[in-house]
Structures are given as structure tokens and as C-alpha cells.
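Residue numbers (our numbering), protein chains in the order written: chain X, 1 to 280; chain V, 281 to 744.
Misleading hints may appear alongside valid ones.
[Claimed, not checked] Beta-carbon label-pair distances, calculated as ranges: (1) K99(X) - E501(V): 30 to 40 Å; (2) T13(X) - H561(V): 28 to 38 Å; (3) A742(V) - M1(X): 33 to 43 Å; (4) F522(V) - G124(X): 47 to 57 Å; (5) P645(V) - K99(X): 57 to 67 Å; (6) E488(V) - A123(X): 30 to 40 Å; (7) M71(X) - E610(V): 40 to 50 Å; (8) D182(X) - P469(V): 49 to 59 Å; (9) S81(X) - F522(V): 35 to 45 Å; (10) R54(X) - G504(V): 10 to 20 Å; (11) A414(V) - G57(X): 31 to 41 Å; (12) A56(X) - D482(V): 30 to 40 Å.
[Claimed, not checked] A partial selection of chain X residues facing chain V, derived with a Cβ cut-off under 10 Å: (13) F2; (14) I4; (15) Q32; (16) E43; (17) R44; (18) G51; (19) C222; (20) F246; (21) E247.
Rather than coming from a laboratory, the hints here were simulated on the basis of the structure. As the structure is a computational prediction, the values presented were derived from the model and not from experiment. Built from N, CA and C at the ideal position, the CB exists for glycine as well.
Below, each chain spelled out in residue letters.
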Amino acid sequence: MFKIVKKRALNPTVSEMVIEAPLIAKKAQPGQFIIVRAKADSERIPLTIAGYDRAAGTVAIIYQIVGGSTMQLDSLAEGESVQDFVGPLGKATEIEGLKNVCVVGGGVGCAIALPVARALHEAGAKVTGIVGFRDKNLVILEEEFAACCDELIIMTDDGSHGRKGVVTLPLEEKIQQGANFDEVITIGPLIMMKFVVGVTKKYNVKTVVSMNPIMVDGTGMCGGCRLTVGGKTKFACVDGPDFDGFEVDFAEAMQRGSMYREFETHAREAACNLLKAEVQ
Amino acid sequence: MPNMDLKKCPMPSQEPNVRNKNFKEVALGYTPEMAVNEAKRCLQCKNHPCRSGCPVDIDIPGFIAQVAEGSFEAAYQVLAASSALPAVCGRVCPQESQCEGKCVRGIKGEPVAIGRLERFVADWHRENTDTTPAKPTPNGHKVAVVGAGPSGLTCAGDLAKLGYQVTIYEALHVAGGVLMYGIPEFRLPKAIVQKEVNGLKDLGVDIETNMVIGKVLTIDELMGEYGCEAVYVASGAGLPRFMDIPGESLKGVYSANEYLTRVNLMKAYQPGSRTPIQKSHAVAVVGGGNVAMDAARCAKRLGAETVYIVYRRGMAELPARREEVEHAEEEGIIFKTLCNPVEVLGDENGCVKGMTCVEMELGEPDASGRRRPIVKQGSEFTLEVDTMIMSLGTSPNPLIRSTTPGLDADKHGCIITNGPDGLTSRPFVYAGGDAVTGAATVILAMGAGKEAAKAIDAAIQAKQ
Ligand SMILES: Cc1cc2nc3c(=O)[nH]c(=O)nc-3n(C[C@H](O)[C@H](O)[C@H](O)COP(=O)(O)OP(=O)(O)OC[C@H]3O[C@@H](n4cnc5c(N)ncnc54)[C@H](O)[C@@H]3O)c2cc1C
Ligand code: SF4
Ligand code: FES
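Please work from the sequences and hints to get the whole structure.
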């Protein structure tokens, strides 16, 4: 059992939990993830590490309430404990040698982008942050980003906060203006990462994407997390979660990502090809 | 007088059409009368060929003689001298290619039902004796075991009995390895596995779940700040292989490990489980081993109307235990042998709707001695299925070898050892089970754990 030492809502559907896990806190690196099981009968869900405090022995996770598993996790209060907490899993984001990086985050993916931006900042790199949200109410971690980005651009779909539009807009402008990034690191919804790669490919700016496919064990045992990268089958939990964005087969990843959506939201029994009808 | 019946005493079992809808154990076990009767079929051969077929050299005629006498606890003690997991091995060992394959009675008629007798004795012991063992006197030495599958559990148990302070580190949230996440309840009840695990705890073994070695702690840390004098790596071979054919990433294509993990470990078969598993109508399981049989039989139990085993060689070449093949056939699994998929077909939503297969024929024997399957020209056909389960074998995951400097592994990722004692290229680091051999059997994994425990004890004692 792992104690929840702090819990706070970041926006109406996104919360942060700080969990007591000294061994994981000691080893955690930006870009790695943990697997949590809220209760004895819960699913194992992968969540990227949103922060860690080695001295206090705690690890922070940020999650969006999207279905049964995250609802169960969210039903636990500060002071209670989660059943299982395993990590740190996956490879850390490679930041060594980077001097000038653009970190592009979308929605709850910003929670994952933050420790990467922070680590880059601490390593002395110039960090340009571009973070996108649907509207003003969903903006999270603005102060935290501001503290570690040399420049921070906030985008909302409706313009209710920051600039109006999608993250690729300022990204392309920056590249055109000669920002000369060593690398773009992007974390967020698959569709957003796909569009980011669409832009960076045009200008041949190396781009790292953080993939979060379906996982069960997180140790390379089930193959549920498999992706096609550069024509080869890769397991996100042991080979990733970071991959070269130019090589990832996004169309396939998006299709696989929808496998259990209907189950997670409601219809437990609906057959696979009923999925479309169910959701609409 | 021996019982000269040519056939084994039949195993009481659930009816095929009842059991293919539930997850309760298929084989119900012998009664004491049946066991005594079957034990009397043993001729007590002087040269006991059966023993040479047993990878851990159990005194087979010895334990069977005790069963024939009705001395079941004495029979158990004979088994326990060589095997740490008789209740498990009696159920899952491929007896037909081991002890029973060598039994003299098998020349004319059926061999003695050694596996069923082993199971009976172990079950009898579990149900009739209070087995809380006395805690051994600590000898002051610490050893770590990585992985709580049969190999790690056995090594830990043997070392604990010698007084070692043993900690098992297990990546998953429960101990048992494949016995928990792979082999289904209807073949190996999980209560039996947990009984073994609890027995180790009673011996003073500390089991730390949720600990992925190589990530949260490395082998070097275990041997450094954690003060372990030796480590036994028994992390299994869990990494599934795929075929690399088009369409393998469609929705509805699973590795057998994912399918079985969802069903067994996450209990997707129980109503109200929170772990999703697709409801299938027609399932094709690709492969012919025990894992394939288990996946197929689970799919049937979860309600699939049609379940195929698709295997590129013939019925005679199926590597699964014979009993599992027979059970699967009785339960209505359809065997499409000499058949190989070349493409998975998807619908407009990216879900599996079928697969293209080719027929095969057997050619010359290959390096493994088995006849090599060759594609029959122009034999393509389509099999309509909505789920495909890939059961093509597994290899060790990279977590340990990639984080332990100086630990040699071969090109398949299997850890290299210098012989049966399991010593690796690193001093005081031992390895065994599937992590060394690649996917093999419970008995070999258990045997390797026993050998390594002896070697670790000898190495630590020699230091002083
Ligand atoms: C579905 C299925 C059916 C089978 N049927 C049979 C059968 O009928 N008869 C038979 O003899 N054999 C059968 N086998 C094979 C048999 O189960 C294995 O050979 C045996 O379990 C190997 O034991 P092991 O202890 O080496 O590894 P495992 O049982 O695989 O245990 C390894 C353990 O190590 C853990 N681990 C992995 N990496 C790490 C890490 N980095 N840190 C900590 N822990 C880690 C894993 O989570 C796992 O619990 C079957 C296998 C499967 C999958
Ligand atoms: S070979 Fe068969 S008959 Fe002979 S001792 Fe072994 S089990 Fe008994
Ligand atoms: S999560 Fe199971 S192999 Fe990656």
C-alpha cells in the first residue's frame, strides 16, 4: 500500500496525487512512468511521472478522469492509500547535450511535459514551452511552466486564455523565425503529436514523441503496448515511451488506442464493430 | 500382485460441455481407492526407467510403493525430497515425454499414471496435514531472488530451509509467475499456487511485490547497499513474439500473454471484473504449445462460438501436453493444422475480420529434427475470425540484462550460465528457469532453482 500524501484538483477533470514511494522517488527520471492499481480489484493503469521529491520520498502523478479506472483512483482521498504503485518504468527522456529545445504539451500531457521542461531548464538548456488546452477552465500548471521556460506560449482552442489556436501555429512560426531548435519534445494527445510531427518533418527538426498506449504489465510481458516504429514492432513500456516522431506509425497507434474506449466509458459488452455506433 | 489392467485408471473430470463454460478445474483428482489401485499397476522395476525421464530424478517407484500401501504421507515425503511443487508438477508436467514416456507398462498398454498419482499425493498432503514448518535458525547470510515464478520460489524455499534470509523481488502485484498469470484456473487452481507462496512466507521468506529489478533497484544495489551476498535471477521469459505479418496491430489481435493475463491475473472471466476483454465470436489462436491450448480454451469459456488452433505443422508435432490437446478437442476447439496465417484482415474500424492462411506440407527434417513446414502453392484461403491470439513463443525481457553490467546474454536475450549450477558471468549472480533456457517447463525451472540454491550455499560457505 502506498499512501496518498497530497491530492488536489488542477481543473474540473484533472487531479494531482502525491504518493509516498521513496524507492521510486530515488530513481525517477523525467519521461518515465509508473503503473498504479487503485484498489485490489482495479485495473493496472500506466501514468507518467509528473514530478518527484527525492528528499521527501514522494512521486507525483497527474491524471484525467476519463473512465472507470481513473474514477476509481480519484475516489481515494488524501491520507488513504493506493493498492499498488510500480516504477519507475520505461526509459528516461534523453536530454543530455541539448541546448535549445521546444517542449510542446497538450491537455493533460502537459503534466508529463513539465518534468522534462524542468530537467532541461536545470541542465541549462534554453526552453521554449508551447502548451495547448481546450479552454481557460482546463489550463493547468501555468505557473510551474512559467518558472522553467525561457518563453512560454499558451494556446486555447477558443482563445479564452493566451492565444487562440492550436500548438502547431506558434511552433511553425518559431521555426520559420529561425528558432533553430536542437529538438522538439512533444507530449499530448496522439492527434496533436501527429500534427506536431507534420510540421517539424517539413523543416527537418528532430522530434521526440512520448507514447502512451494501452498497457497491462509494463515489463514487456503482454505486448499490448506494441507500436510500429520505423517498420519494426516496439514495446512502449520497455523500448519507450519516447520514440523518434518521424518513425512512429500514428494511424495504427490511434486505431489501437480506441480498443477499450467503449468499455472504459460504458458499454461493457459491446462488440468491437459496434464501437462507432456506441460512442455516437 | 500388481494390477495388470492395460489402461490407466481414468481421471474423474467435468463433462466437456459443462466445463467449457466454466473456469473450475477440469480434472477432479483420484480418490484414495483409485490411487491405490493405480499405484498397484507399477511393477517396481529394478532399473526404474521412469526415473531417468524425470528432470529432477524423483524416486518414482519409491513414492508409488508408498501409495500402493496407502501410506500417503510417506509417499509425500519421497516426492518432497526432490520436488518443491508436486501439486503443480503433477498437474502441468508433460509426463508423456518424461517419466510416463519411459514407463515399462507403456510398451503394451498405457504407462502408470505417474502424474495423476503425484497430484493425488500432493493434494492429499495439503488437505490432510497441518504443514506450518518450523522456522529454520538464521545463518546470518542474505540472498536476493528476482522473480517469483516456480524457479525463484523453489530457490528461495531451499535457501530459507538452510537458514538464509531470502527476499524475493517480483515485478507484478502477486507472486507465482506464469503459474498465476499464464496457466488458467481450470488447469491449475490459483489457491494451490498461493498455498505454496504462503508456505514460503511461513519459512521466513520475504516477498516484495511491485518491484521491477533493473528499474527500482539494480542487481548491483542488491549486492551493495542491500547486503545480499548472492542473487538468483529467475525473471522468466515473458516477452511475446509476433509474426511480423500485415495487420498484426489491428484491434482484436492479442499476444497469448496479454489475453491470458487479462483473463487469469486480472480475472476478466469473473462477472464484475474491471479488466476489459473483448467478447469474441470466432477466435483463431496461432501456435501449438500449452500456451496456445490455454488461450483457446479460455476463449471458448468466455463464450466464443468458434475457436480454432492454427498450427503450421501436423497434429503429431503439436508441442503441447497430450492431455491438453485431448481436452481442447473434447471441448470443441477446432484444429487447423498444416496451416499458417500470412495476413490479418481488418474492417473499416480497424477491427479484425479475418485472416488469410496458406496450407502447409511437411518437408525434410530441419535443425531441430522436426519436419520443416513448406507452403503449398496456390493454397490461400480466408478464415473468418474477429479475434486472433498470437502464441508463437516468448523470450526474456531486457530489464535485467540491460541494467546489469557484465551479465552476459545470448542473441535471444537468454542469460548465459556456466552449467547446471546457474552461475552467470558475474560472481555470485546465478540464474535459472526460463530466463536462461527461454520458454520451457515448470519442472525444469524448479529444478534449476534447486541446483542454484545448492550452488549458492556452497559458494557462500566457501567464502568463510
Ligand atoms: C500459458 C502458459 C502455459 C504453460 N503451461 C505449461 C505446462 O502445462 N507445463 C509446463 O511444464 N510448463 C508450462 N508453461 C511454462 C512454464 O510455466 C514456465 O516454463 C515456468 O513458469 C518458468 O518459470 P520461471 O520461474 O523461470 O519463470 P516465470 O514463471 O515466468 O516467473 C518469472 C517471474 O519474474 C518476474 N519478473 C520478470 N522480470 C522481472 C524483474 N525485472 N524484476 C522482478 N521480477 C521480474 C515475472 O513477473 C514473473 O513473475 C506454460 C507457460 C505459459 C505462459
Ligand atoms: S517404469 Fe513404470 S512400472 Fe517401472 S517403476 Fe517406473 S512407473 Fe513403475
Ligand atoms: S505493457 Fe505489457 S508489454 Fe508493455
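Hints and how they fare:
{"no.": "1", "hint": "K99(X) - E501(V): 30 to 40 Å", "in the structure": "holds, 33 Å"}
{"no.": "2", "hint": "T13(X) - H561(V): 28 to 38 Å", "in the structure": "holds, 36 Å"}
{"no.": "3", "hint": "A742(V) - M1(X): 33 to 43 Å", "in the structure": "holds, 41 Å"}
{"no.": "4", "hint": "F522(V) - G124(X): 47 to 57 Å", "in the structure": "violated, 42 Å"}
{"no.": "5", "hint": "P645(V) - K99(X): 57 to 67 Å", "in the structure": "holds, 60 Å"}
{"no.": "6", "hint": "E488(V) - A123(X): 30 to 40 Å", "in the structure": "holds, 33 Å"}
{"no.": "7", "hint": "M71(X) - E610(V): 40 to 50 Å", "in the structure": "holds, 42 Å"}
{"no.": "8", "hint": "D182(X) - P469(V): 49 to 59 Å", "in the structure": "holds, 57 Å"}
{"no.": "9", "hint": "S81(X) - F522(V): 35 to 45 Å", "in the structure": "holds, 37 Å"}
{"no.": "10", "hint": "R54(X) - G504(V): 10 to 20 Å", "in the structure": "holds, 18 Å"}
{"no.": "11", "hint": "A414(V) - G57(X): 31 to 41 Å", "in the structure": "holds, 37 Å"}
{"no.": "12", "hint": "A56(X) - D482(V): 30 to 40 Å", "in the structure": "holds, 36 Å"}
{"no.": "13", "hint": "F2", "in the structure": "holds, 9 Å"}
{"no.": "14", "hint": "I4", "in the structure": "violated, 16 Å"}
{"no.": "15", "hint": "Q32", "in the structure": "holds, 8 Å"}
{"no.": "16", "hint": "E43", "in the structure": "holds, 5 Å"}
{"no.": "17", "hint": "R44", "in the structure": "holds, 7 Å"}
{"no.": "18", "hint": "G51", "in the structure": "violated, 17 Å"}
{"no.": "19", "hint": "C222", "in the structure": "holds, 4 Å"}
{"no.": "20", "hint": "F246", "in the structure": "violated, 19 Å"}
{"no.": "21", "hint": "E247", "in the structure": "violated, 15 Å"}
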